[in-house]
Amino acid sequence: MVFSSLTFLMFFLPLVMGLYFLRSNIRWRNGILLVSSLLFYGWSDPVWILAMLFSTFLNYVCALRIAKTKHSFIKRWYLFISMAGSLGLLFYFKYSAFTLNGLSALFGSDFRMDTPVLPIGISFYTFQVLSYTLDVYWEKTPVQKKPLRLLLYVSCFPQLIAGPIVRYDDIEQRLSKRYTSPDDFQAGMRRFVVGLSKKVLLANIAGAALNETVLAGSGTQLSFAGAWLSAFLYALQIYFDFSAYSDMAIGIGRVLGFEYKENFDYPYISRSAGEFWRRWHISLGTWFREYLMYPLMRSRIFRKMSMKKSPNRSKMYYRNKATIICTMIVWMCTGLWHGASLNFVVWGLYYGLMMVLEKFVFDKILAKTPGVIKWFFTMIVALVSFVIFYYTDFSHVSQHLLAMVGLRAGEGGFGVVRLIDDKTVEVFKTYAVFMVIACACCLPVGKWIRDLLGKTTVTDRTANGIGTLILSGLLVMSILFLVGQSFNPFIYFRF
Amino acid sequence: MKHRFSFIVTLWWLLLLMSAGVFLLALAPREERLSDTENRTLSGRPEVSADSVLSGEFMTGFESWLSDSFFTRDSVISFTDTLLAATSLNEEGEVDMEERLLLEQKKAEELLKETEEETAEKTEEAESLNETEFHNDTESDDGAEVSVSAIEDTETEMPAEEEDQAFEGKAWFWLEKTDGSKTGVYTFSEKNIDTVVNMLNAYRDALGEDGTVHYMQIPFSQLAYRWLNNTKTYCGWGCNVEDALRAKVNDGIYVHNIPEILLEHMQNGEYLYYRLDHHWTPLSASYAVNAMMESQGYPTVDYDEYEYTVHEKFYGSHYDASDMDRMRKLADRLEVMHPLMPTKHYLVKRLDEKTETELMNYNHKSYTAFMFGTRGPWRVIDTGYDTGRTALIICDSFGTSFTPYILPYYDTVVVTDLRPDYYDKKAAGGSVRDYIEHYGVDDIYMVMSTVSSVNNQYSLSYMMKYLD
Chain A
1 MVFSSLTFLM FFLPLVMGLY FLRSNIRWRN GILLVSSLLF YGWSDPVWIL
51 AMLFSTFLNY VCALRIAKTK HSFIKRWYLF ISMAGSLGLL FYFKYSAFTL
101 NGLSALFGSD FRMDTPVLPI GISFYTFQVL SYTLDVYWEK TPVQKKPLRL
151 LLYVSCFPQL IAGPIVRYDD IEQRLSKRYT SPDDFQAGMR RFVVGLSKKV
201 LLANIAGAAL NETVLAGSGT QLSFAGAWLS AFLYALQIYF DFSAYSDMAI
251 GIGRVLGFEY KENFDYPYIS RSAGEFWRRW HISLGTWFRE YLMYPLMRSR
301 IFRKMSMKKS PNRSKMYYRN KATIICTMIV WMCTGLWHGA SLNFVVWGLY
351 YGLMMVLEKF VFDKILAKTP GVIKWFFTMI VALVSFVIFY YTDFSHVSQH
401 LLAMVGLRAG EGGFGVVRLI DDKTVEVFKT YAVFMVIACA CCLPVGKWIR
451 DLLGKTTVTD RTANGIGTLI LSGLLVMSIL FLVGQSFNPF IYFRF
Chain B
1001 MKHRFSFIVT LWWLLLLMSA GVFLLALAPR EERLSDTENR TLSGRPEVSA
1051 DSVLSGEFMT GFESWLSDSF FTRDSVISFT DTLLAATSLN EEGEVDMEER
1101 LLLEQKKAEE LLKETEEETA EKTEEAESLN ETEFHNDTES DDGAEVSVSA
1151 IEDTETEMPA EEEDQAFEGK AWFWLEKTDG SKTGVYTFSE KNIDTVVNML
1201 NAYRDALGED GTVHYMQIPF SQLAYRWLNN TKTYCGWGCN VEDALRAKVN
1251 DGIYVHNIPE ILLEHMQNGE YLYYRLDHHW TPLSASYAVN AMMESQGYPT
1301 VDYDEYEYTV HEKFYGSHYD ASDMDRMRKL ADRLEVMHPL MPTKHYLVKR
1351 LDEKTETELM NYNHKSYTAF MFGTRGPWRV IDTGYDTGRT ALIICDSFGT
1401 SFTPYILPYY DTVVVTDLRP DYYDKKAAGG SVRDYIEHYG VDDIYMVMST
1451 VSSVNNQYSL SYMMKYLD
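Chains A and B, in that order, give the protein sequences.
Taking the numbering used here, I'd label the letters of the first sequence as residues 1 to 495.
Taking the numbering used here, I'd label the letters of the second sequence as residues 1001 to 1468.
Ranges between beta-carbon positions, derived for each pair: (1) A:Ile420 x B:Gly1440: 49 to 55 angstroms; (2) A:Ile470 x B:Asn1198: 52 to 58 angstroms; (3) B:Glu1190 x A:Tyr294: 52 to 58 angstroms.
Each computed EDC-like pair below joins lysine to aspartate or glutamate, with the alpha-carbon atoms no more than 20 angstroms apart: (4) B:Lys1426 x A:Asp114; (5) B:Lys1425 x A:Asp45; (6) B:Lys1170 x B:Glu1260; (7) B:Lys1426 x A:Asp45; (8) B:Lys1191 x A:Asp393; (9) B:Lys1354 x B:Asp1051.
In short, the hints are calculated from the structure, not lab data.
Just so you know, even glycine gets a beta-carbon here, dropped at the ideal spot from N, CA and C.
Please build the complete structure, drawing on both the sequences and the hints.
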């Protein structure tokens, strides 16, 4: 089920809320939440609940064993089983066809494996459940002895399908004790409607505009302006789509008494690729940093590498070398997390390279560069990355990127693309007002308004009331637009 | 409580949403029905069964039903469209999305015009294209003025890429001018042709030894009236992509050139295209069927040999899109044929789960009178004839007026529309190949407008996607 569906808005949400708040007993609330989460998850493909149950149960048992035993070897062994099981499941559904077909092509075999249907949200819940087992292994968090509570952590419907990736540690206490105040309720619902409006009124319209543009592989030649416009529209679509889901998840979570961490923090005001990723999909970046980057840096190989001494090289050289290799590994994995496709690998490595360049090559230049210029280049870096991210066919990526620098590849070498095409003018004129509004929504306008109100006599209560009325209008508009927009899944569902 | 007002309002949100849901559940029509505005069948309430729930079909169908049954859906869609259009800076801001797509072709044509030598004529044509007024150049056979929409065919046709593109040696569609020269309308790339050839070959391979595959693309009425409304400039049309396809396809595949089949009839001023709708008339469909059958040596049935239910006031898609009352005087004549033999028509899901329904909607004054529009996902017609052969028709909406004329040549005719908005793969319960095998299909007819043919994903991608 998706948040932006009439079924969810008119039946699931009110019904679950009604039942949930019927009693304040935590067992009742957990029970309602668990049943509704499984229903939510299995709504369109019930069979995939089994994969989630398997992953949860495996990690539950392994974590119990890890907590129980004092032998480090046995702990490691159970950690290995949990990781092999969870990642194995993820590998089978997401990467097996990609790997086997790649190997088959490499060795000239005719073998072809059909890509299995991907259980929705598998990447998200696998990472969640792994973070739990790893935290238990590192003794950062106590083991959960009640299997249904662990299942609730994994399956809790607000964040189950497209994040944010919630660490067990962050909500462990809320699984046994939580309270929703009326202020939490209204704030959560308001946040949910903000997300819904972003999805329906901004992301879906940006998507419709994008579909109208000329894209690589459509048979029509891209123009220079068209290539930039479509990259820009995709940047708008993916940001509003994904951040909308996070807003809705955080909002419903708050209504239900959970406090999920922010997943987006206005990434399009970033002034470096590093800052961009501290503001974009924060929970994924944090996960990779804490569960891959740090363990890698602490691993024997890289510790040894960073401590290596040589008369010809400085100490920093080896430390930087280890950091660069780890960074590239982590970013390649980040790319692969998004999907088993060459473009995602390239996309990950591209960001890894940007991080390395920023930190080790251009650090001094960047320190002296004015903020506006840094912002401009960061946006270009982001737009290029979205082009790589958008196409699964790499030849289309290269066509689009070439068009962005005014070139096209032909049989006789490179040619020059048109500066602008009619379609681009058409789309631009049709969506110009929308694009201005969307750009404004990428900025922390809310914060500015709050700051402004803070300087006036308008009370917080009045501002909140006006905001709620505006959101009521946006809710109505979103539902009206939803009626005309048939299937509108979130982009991140496919991960 | 710090924000009492907001708390009460947000609580009301939930209550109102739930009330709306309950009302919708209680009051929404449960049967499938036609939408003239959207030119499609709106979903009915899905049936609950263990199978449909486990396969997820019920849940998908339920969401579609809710959306399709939403209170005053037509007005809601019209409101949201108007709102979007209001923010557009385009002169054509008032047109809807479909029209906006169609404008693409108009722009491509304008580009092509610039290549013409006669500047004066070029200007005149550009002006005529930009007008939404009616022209008096031609009169239709019933004496009414013939209109031309400013919007030309078609959705995703490939526009000419360069202004100075020469058409020699290319596959293209053209309008023939009275001075003997030609005006290009759109081109077909080698790559697209090869993709369609591969698709046709794959479908041919799915049939038995004596099986045949027939492919045709039908121009939209906008293109026909661009010619018919400017008879001083144009005197014919043509297309050679069919030749390009014929040269490459395997044996047993027949590519029919519809512009060529209709050319003489068009020149005779016959009523082959609706004035206020983008479809061809059943007369055109009948000509197409007869030409195809004649070429294979079969006897044909003339259009007039059938009986028809006639509606004189048919206001089609151009009228709906334009919302101009003065267009009403151009109302079309809708002739809905009665088959010569008693037929049975079924909607089919999961290969053989059949629901019997009427073949034609004789009471309906819209194009969906033909076979109730596109729905299914599959349909099977028991024709009442005994020929020992079964046909499969893969089509878009142009196929619904074509299908009735092919009934005399087959015992069973299986029909489907594989366009993503119309095809429900889950409900189909099998691939096209499964249906071919299950019904013992001998011949396949691919009947689609230029919007769905060589330059479109329908032919380039979906046909292959759904084959297996």
